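**Q** Below are the chains, spelled out letter by letter.
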Amino acid sequence: MIPPADRARVIFRYADQKDLLISGLVAGGNEIAQHPAVVDVPSGKGHVVLFSINPVYRGETRGTYSMVLNTILNFDSLDAGRKLAEK
Amino acid sequence: MAAGARRSENPYDYISTQAIAKIDDLNAKYDVILFPPVGFFSSPTAIINGMPTAWGNPLPWKNTPETPNLAGKNDSTDDMRPGLGWDGFAKLQTFVQKGGVLLTATDTSRFATEIGLVTGVSAQTSERMKIVGSVVGTRLVDGASPIAYGYEEKVPAYCDNGPIFPLAASPVRADAAASATNPVPAPPGVVLRTNRISPWAVPASRLPKNQRRKPGKHRRSPTNNDATVSA
Numbered sequence: 004m005i006p007p008a009d010r011a012r013v014i015f016r017y018a019d020q021k022d023l024l025i026s027g028l029v030a031g032g033n034e035i036a037q038h039p040a041v042v043d044v045p046s047g048k049g050h051v052v053l054f055s056i057n058p059v060y061r062g063e064t065r066g067t068y069s070m071v072l073n074t075i076l077n078f079d080s081l082d083a084g085r086k087l088a089e090k
Numbered sequence: 006m007a008a009g010a011r012r013s014e015n016p017y018d019y020i021s022t023q024a025i026a027k028i029d030d031l032n033a034k035y036d037v038i039l040f041p042p043v044g045f046f047s048s049p050t051a052i053i054n055g056m057p058t059a060w061g062n063p064l065p066w067k068n069t070p071e072t073p074n075l076a077g078k079n080d081s082t083d084d085m086r087p088g089l090g091w092d093g094f095a096k097l098q099t100f101v102q103k104g105g106v107l108l109t110a111t112d113t114s115r116f117a118t119e120i121g122l123v124t125g126v127s128a129q130t131s132e133r134m135k136i137v138g139s140v141v142g143t144r145l146v147d148g149a150s151p152i153a154y155g156y157e158e159k160v161p162a163y164c165d166n167g168p169i170f171p172l173a174a175s176p177v178r179a180d181a182a183a184s185a186t187n188p189v190p191a192p193p194g195v196v197l198r199t200n201r202i203s204p205w206a207v208p209a210s211r212l213p214k215n216q217r218r219k220p221g222k223h224r225r226s227p228t229n230n231d232a233t234v235s236a
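Protein chains in written order, with the numbering used here: chain A, 4 to 90; chain B, 6 to 236.
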């Protein structure tokens with residue numbers, strides 16, 4: 004078992020399949036529905052923040068820019084609010 | 006303030022993957038490194054090795070009298086072919102281990118998981134799914150994280166066939182989670198409800214209230230999202 008403090012922390016997940024598509028084309032979306040979209044993984048003393056989405060795509064995805072800005076501004080306190088209980 | 010309208014006074018810099026191996030102490034210079042999507046040749050080995058340099062001519066990316074406006078002022082190189090290199094990878098790994106924050110997206114997230122910058126998370130590639138740059142719905146899972154500050158439950162996001170993360174509480178369980186014959190309990194904060202894993206493998210008490218199935222009702226869930234095109 005990975006100790007609670009070292010576990011990956013899912014911040015956002017993809018919506019359920021019926022709510023997944025907002026605009027564009029999706030086929031077979033059940034493969035990614037409900038799966039993690041943004042994950043914060045502690046590694047050593049630092050963190051790797053994995054995005055499955057593309058938070059900054061050209062000038063278009065302003066709604067998710069703040070996920071990147073939040074990560075930058077809080078680089079030294081990403082563990083804030085982390086649950087450390089065994090479960 | 007509207008998202009995207011914020012101004013950050015944080016100093017920033019641009020670094021080429023080719024430059025990372027030559028920087029003595031990344032932590033002394035940087036708190037956060039953003040590793041944006043690579044696109045072409047983005048397999049882990051291609052990011053490390055770059056393009057073959059054993060034959061052919063160098064591929065310069067720089068201004069010359071003939072090409073005065075080719076490269077911007079951020080970067081230029083005499084040869085685009087060399088990649089991050091194993092030395093550069095070691096520098097990135099040390100950067101994280103010593104307290105740095107590395108942010109990756111889509112194919113560089115795949116790089117980070119496959120090359121072993123993180124443990125406990127693997128990245129799968131979709132088998133049949135097609136998402137060619139669509140806006141999809143996402144849901145807030147952990148609002149206590151600083152990454153989610155200012156966000157509410159529903160967030161539309163841009164998805165371009167990004168990696169699929171199955172999560173597990175240990176690397177052993179990550180392997181087991183891929184097997185439908187060996188369902189494992191969902192780790193905290195993760196809802197495993199896919200075709201591969203029976204929803205009944207997850208105790209109802211661990212599912213969000215709106216996803217718990219009511220006993221006695223076995224309706225098929227709607228699948229009307231497949232191959233749907235909207236404006």
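To be clear, the hints were calculated from the coordinates, so they are not data collected in a lab. Some clues are possibly wrong.
What the hints assert, rightly or not - Straight-line alpha carbon distances no greater than 30 Å define the calculated DSBU-like cross-link-like pairs of lysine-lysine that follow:
(1) B:LYS135 / A:LYS21
(2) B:LYS27 / A:LYS48
(3) B:LYS27 / A:LYS21
(4) B:LYS159 / A:LYS86
Stated by the list, open to error - So the derived label-pair ranges between C-beta atoms look like this:
(5) A:SER26 / B:GLY61: 19 to 27 Å
(6) B:SER81 / A:LEU28: 33 to 41 Å
(7) A:PRO7 / B:VAL137: 19 to 27 Å
(8) B:PRO73 / A:LEU28: 39 to 47 Å
The structure displayed is predicted, hence computed values, not measured ones. Built from N, CA and C at the ideal position, the CB exists for glycine as well.
**Q** Confirm or reject each hint.
**A** Quick rundown of the hints versus the structure:
Restraint check for B:LYS135 and A:LYS21: satisfied, since their Cα atoms lie roughly 16 Å apart, inside the 30 Å limit. Distance hint between B:LYS27 and A:LYS48 is fulfilled; the C-alpha atoms sit about 23 Å from each other, no more than 30 Å. A distance of roughly 49 Å separates the Cα atoms of B:LYS27 and A:LYS21; the hinted pair therefore is violated under the 30 Å criterion. For the hint pairing B:LYS159 with A:LYS86, the CA-to-CA distance comes to about 22 Å; that is within 30 Å, so the pair holds.
As the Cβ distance of A:SER26 to B:GLY61 is approximately 42 Å, the hint placing it in 19 to 27 Å is violated. At roughly 38 Å, the beta carbons of B:SER81 and A:LEU28 sit within the given window of 33 to 41 Å. At roughly 38 Å, the beta carbons of A:PRO7 and B:VAL137 sit outside the given window of 19 to 27 Å. Against the hinted window of 39 to 47 Å, the Cβ-Cβ separation of B:PRO73 and A:LEU28 comes to about 41 Å, which satisfies the hint.
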